Amino acid sequence: MEKVLSKKAFPQWVKKLESYTMYLPRKDGDFWNYEVIKNPEIIDLDYLNTVLSPKKIIFPQREVLLEFSTSNEEELKINEVLPEEAQSVIFGVRPCDAKALTLTDKVFGGDFKDPYYWKRRNSTALVGLACNTPPSPNCFCLSVDGSPHSKEGLDILITDLGDKYHAESFTKKGDDLLNLAKALFKNPTAKEKKDLEKIQAESKKKIQRQIKDTKKIPPKLKDMFDSPFWDEESLSCIRCGICTYLCPTCHCFDINDEVTSSSPIKGERVRTWDNCQFPDFTMHSSGHNPRPDKAARLRQRILHKFQYFVELYKNYQCTGCGRCISKCPVGIDIIEVLEKARDYGS
Amino acid sequence: MDHNTYIPKLAKIIEIKEEVGGARPIKTFRTQFLSTNNFSFHSGQCAMLSVFGKGESIISISSSPLLKDYLQFSILKMGRVTSSLHEMQVGDIIGIRGPYGNSFPVEDWKGKNIIFIGGGIGLAPIWSVLNTALSIKKDYGDLMLIYGARTSKDLVFQEELEELRKRMPVHLSIDVEEPDWKEFVGFVPQNVTDKKPSPKNAIAITCGPPIMIKFVIKALEGLGFKDEQIYTTVENKMKCGIGKCGRCNIGVHYVCKDGPVYSWAEFKKLPQEY
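In order, the protein sequences belong to chains H and U. Just so you know, we're using the working numbering here: the first sequence kicks off at 441 and counts up by one. Just so you know, we're using the working numbering here: the second sequence kicks off at 3 and counts up by one.
Please keep in mind that the hints were generated in silico from the structure rather than gathered at the bench.
Keeping only pairs whose Cα atoms sit at most 25 Å apart, straight-line, the calculated SDA-like set for lysine to any residue is:
#, chain 1, residue 1, chain 2, residue 2
1, U, Lys19, H, Leu516
2, H, Lys780, H, Ile682
3, U, Lys70, U, Ile138
4, H, Lys559, H, Tyr460
5, U, Lys270, H, Tyr753
6, H, Lys706, U, Met90
7, U, Lys270, H, Pro668
8, H, Lys706, U, His88
Among chain H residues calculated to face chain U with C-beta under 7 Å, some are:
#, residue
9, Leu505
10, Leu506
11, Phe508
12, Leu516
13, Val547
14, Pro555
15, Cys692
16, Phe693
17, Asn696
18, Asp697
19, Thr722
20, Ser725
21, Pro730
22, Leu752
No experiment lies behind these values; they were computed from the predicted model shown. Think of the CB as a built atom: it goes at the ideal place given N, C-alpha and C, for glycine as much as any other residue.
If we strip away everything but chain H, and leave its shape as in the complex, we get (with noise of 0.2 Å):
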């Protein structure tokens, strides 16, 4: 379904949507980030990208997986705490952010669904919001199998077209937020598709990084397992961790035990962000370190993405967003150290 609506009918429409929890990213301080919505009149599209990327919403930083408590009896219960089916709307998801929901599909998929994962994950729809302008200079999706207007991930596809926006939808929860507000849509004049696509033309364009033959890395890297590359590459990491909490692919988690109570035992069992640039991450309890340095978590990282997720699922495992690098405190930059790991040796 593809219609337009002019922007003065956008408050409109989300408040038509009132049924729904409403996600919109909201400056806080010099930052954007995802915030539920309330009151859809002082919602504002025009932002760059969120610090963190909407799988904060679907998977959160932490999450209680079950409660545990010992009654009088000394009777020992344990609850399991899914979250509430509350159906819910992302506005404004770049499409590098939605394409990275879909890559956390996989790994919360297979063999073992994750109930926690997939109880967001199907009661929200993802309106996206195409990149006219790149929303960061180090934006490279163009690299990664993405695109400023791919609809990948996506229910719903909006791309502003200066006083209006363009409004495709590509699923039936797609469908059904439009049909919520029918009388605000129009469908679009064949002046308004020309301009659409002239827009995605040029945003192509616009994007000013880019990883040059990326389908020769992994083949590559699978070659440098033991090579003292990432000891070079890895030398100015300060293992803040930052690349991979920002990450919108990265999935890795700690599960532990928080305790309110101890006589008689009361508390959670929680679940929680975790990274693989800690070196505790893979410490066994006696001490062994598979991964002991700061190289080998370094090549962890560069090889879970561009080599074993490859290999398991046929993606790379990142979409091209540019946090790791515009965040990183010490400039270790995924693009250049792809295109060293490629050209190395030769």
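Got chain H sorted already, so can you dock chain U onto it with the hints?
Just chain U now, kept in the frame of chain H:
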């Protein structure tokens, strides 16, 4: 919605046996589920054990799947969860989820001789498959156990090992000389070379510390074992048990899901990161 694998089933500790004392104590726990037991597993698989309030730890199941009354785990006191387990008493409740991972291809080994090679607590994952083979002994050829630990006090299943001697050759070793020790002195790989098990129609299974595994494999290769005849079980830090939390991988393999059992032919193809 699919079954929620993160929710453990409650089980009662019905028996605790102190295997090894001292600074690196090992205890064997037998557990029974509180509700009906539909926990079916294969030798080599692991379970995620919970001590509520402390967390979870992945532990290999050391009982044979042919035994239906209880699950057995032999656990070295090491981290937060295993230390709490060591403080528990008979009657205490733990959580168990799983089983996770692949298993030993025991069906493919029928008619073959099997050499079990363990070091320290590494006998625990082997114990399950050893007992399975032993209980249907007529299906297999000759069985042999080569097992060692740092000192004679660090050997697990000592009573069972004495019983086992009546049914199959058992070759023990300790790392350094002790008074009254009549068996081999030296590391497990050296004992393998010393006992010279024949590779003919044989399978060798080894489990122990990573460094021991590496040298046992070298010793077996020296005796003429082919890569396909050598099996090992690998351990890594794990949180989920289902290939999602991202830390136990060796290359594209998640040890919790694609392992922990590997033939050396498969394992040597993976990056050497374990």
